[in-house]
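All chains should be modelled from the sequences, with the hints used to inform the complete structure.
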Amino acid sequence: ISGESGSIAGLADVKVGRRVFVHINNTNPILDENSAEHAAVKAAGWEIASDGIEVEF
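Numbers given in this note's numbering equal positions in the sequence shown, counted from 1, plus 100.
What the hints contain is simulated information worked out from the structure, not anything from laboratory work.
Quick list of the computed label-pair ranges, beta carbon to beta carbon: (1) Glu154 with Glu104: 30 to 40 Å; (2) Val155 with Asn125: 16 to 26 Å; (3) Glu104 with Gly152: 25 to 35 Å; (4) Glu104 with Glu156: 30 to 40 Å.
Pairs of lysine to aspartate or glutamate, EDC-like flavour, derived with a Cα cap of 20 Å: (5) Lys142 with Glu154; (6) Lys115 with Glu147; (7) Lys142 with Asp132; (8) Lys142 with Glu104; (9) Lys115 with Glu156; (10) Lys142 with Asp113; (11) Lys115 with Glu104.
Each residue gets a CB set at the ideal place from its N, CA and C atoms; glycine is no exception.
Written out as structure tokens, the structure is:
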């Protein structure tokens, strides 16, 4: 997700209205709302999907 070859950097120039990380392993620290990793993902403009999220295309 992070770093030079991560999803955030790799998709930074893609023009979309909403960016949502889905299918996150339950041990991934971005799921902890108090973690630095979660804060970094949010600061980059991404959302983190939760169980039951509904996305319309």
